[in-house]
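Peer 1: These are the residues of each chain, in order.
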Amino acid sequence: RKEVEQDPGPFNVPEGATVAFNCTYSNSASQSFFWYRQDCRKEPKLLMSVYSSGNEDGRFTAQLNRASQYISLLIRDSKLSDSATYLCVVNNDYKLSFGAGTTVTVRA
Amino acid sequence: ETGVTQTPRHLVMGMTNKKSLKCEQHLGHNAMYWYKQSAKKPLELMFVYNFKEQTENNSVPSRFSPECPNSSHLFLHLHTLQPEDSALYLCASSQAPSLKTDTQYFGPGTRLTVL
Chain A
-18 RKEVEQDPGP FNVPEGATVA FNCTYSNSAS QSFFWYRQDC RKEPKLLMSV
32 YSSGNEDGRF TAQLNRASQY ISLLIRDSKL SDSATYLCVV NNDYKLSFGA
82 GTTVTVRA
Chain B
2 ETGVTQTPRH LVMGMTNKKS LKCEQHLGHN AMYWYKQSAK KPLELMFVYN
52 FKEQTENNSV PSRFSPECPN SSHLFLHLHT LQPEDSALYL CASSQAPSLK
102 TDTQYFGPGT RLTVL
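Quick note, the sequences are listed as chains A and B, same order.
Taken in order, the first sequence gives residues -18 to 89; the numbers are from my numbering.
Taken in order, the second sequence gives residues 2 to 116; the numbers are from my numbering.
None of these hints come from the bench; they were simulated from the model.
Every value quoted in this text rests on a predicted model; they were computed, and no experiment measured them.
We put the CB at the ideal spot given by N, CA and C, even for glycine.
Do not rely on the hints blindly, as some may be mistaken.
[Stated by the list, open to error] Partial chain A-side listing against chain B, Cβ under 7 Å, derived:
1. G39
2. N72
3. D74
4. Y75
[Unchecked claim] Computed beta-carbon distance windows for the label pairs:
5. G(-10)(A) with T114(B): 22 to 28 Å
6. E54(B) with N73(A): 33 to 39 Å
7. K(-17)(A) with E54(B): 25 to 31 Å
8. N58(B) with D58(A): 43 to 49 Å
9. S33(A) with H74(B): 32 to 38 Å
10. N71(B) with N3(A): 37 to 43 Å
11. G4(B) with C21(A): 16 to 22 Å
The task is simple: from the sequences and hints, build the whole structure.
Peer 2: Encoded structure:
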């Protein structure tokens, strides 16, 4: 089983829609979690950190479910600029494990 | 944003060439990392340096040789590479890997093509 698994998508949504996707992780002892955003041919950039049950930052909400070992990311009121690949990242023993990413495309 | 810079941004090399990738961080961090990102694959951690000491070598072939002269600079020396080494090589830095709240910041990457 991969350490971090994500639905690759793509999720194609209209502007203004809500989109949500999950990430599962295999190590129940994982300590912290992150969502990074990566635009095409660019570097990953931190979107949100998740240390407890969840985090909210504007239109973005991350939820952590330790019992089922998954993290979710919800984007409300999608903008064209939200089109990107979203990387789920898990901190295991102070090393980061990355998922392969979920691609979101927001259309006008 | 100029927190973590990488040069060159693009590199094409033959299998017999020797080249080096450079990374510099201006964030006052203590740890630096090299990652490899191949198409449609997750980022793969290659090396970790914490306070200039290598703390992680993730079974990377010896044709990749890292060097960390100080906490702000990190190099990746390349020699006798293979075409399958073509990828985006990302450098990152963070304040303290021992903290669960530690956050890594990435440079723009070097897109490497091996012919």
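Peer 1: Does the Cβ pair E54(B), N73(A) satisfy 33 to 39 Å?
Peer 2: Violated - the Cβ-Cβ distance for E54(B) and N73(A), about 21 Å, lies outside 33 to 39 Å.
Peer 1: A range of 16 to 22 Å was offered for this pair. Does it hold for the Cβ distance of G4(B) and C21(A)?
Peer 2: holds, 21 Å
Peer 1: Please test the hint of 37 to 43 Å on the beta carbon pair from N71(B) and N3(A).
Peer 2: With a Cβ separation near 41 Å, N71(B) and N3(A) satisfy 37 to 43 Å, so the hint holds.
Peer 1: S33(A) and H74(B), beta-carbon distance inside 32 to 38 Å?
Peer 2: Given a distance of about 36 Å, which is inside 32 to 38 Å, the answer is holds.
Peer 1: Cβ-Cβ distance between N58(B) and D58(A): within 43 to 49 Å?
Peer 2: holds, 45 Å
Peer 1: Cβ-Cβ distance between G(-10)(A) and T114(B): within 22 to 28 Å?
Peer 2: holds, 27 Å
Peer 1: Once the shortest beta carbon distance from D74(A) to chain B is found, is it less than 7 Å?
Peer 2: Hint violated; D74(A) Cβ to chain B Cβ min 10 Å, cut 7 Å.
Peer 1: For the range 25 to 31 Å, tell me whether the beta carbons of K(-17)(A) and E54(B) fit it or not.
Peer 2: holds, 30 Å
Peer 1: With a cut-off of 7 Å, does the beta carbon of N72(A) approach a beta carbon of chain B closely enough for the hint to hold?
Peer 2: holds, 6 Å
Peer 1: Does G39(A) pass the interface check with chain B, least Cβ-Cβ distance below 7 Å?
Peer 2: violated, 18 Å
Peer 1: Please verify that hint: Y75(A), Cβ, nearest Cβ of chain B, below 7 Å or not.
Peer 2: holds, 5 Å
Hint compliance for this structure: hints 1, 3 and 6 are broken, all remaining hints hold.
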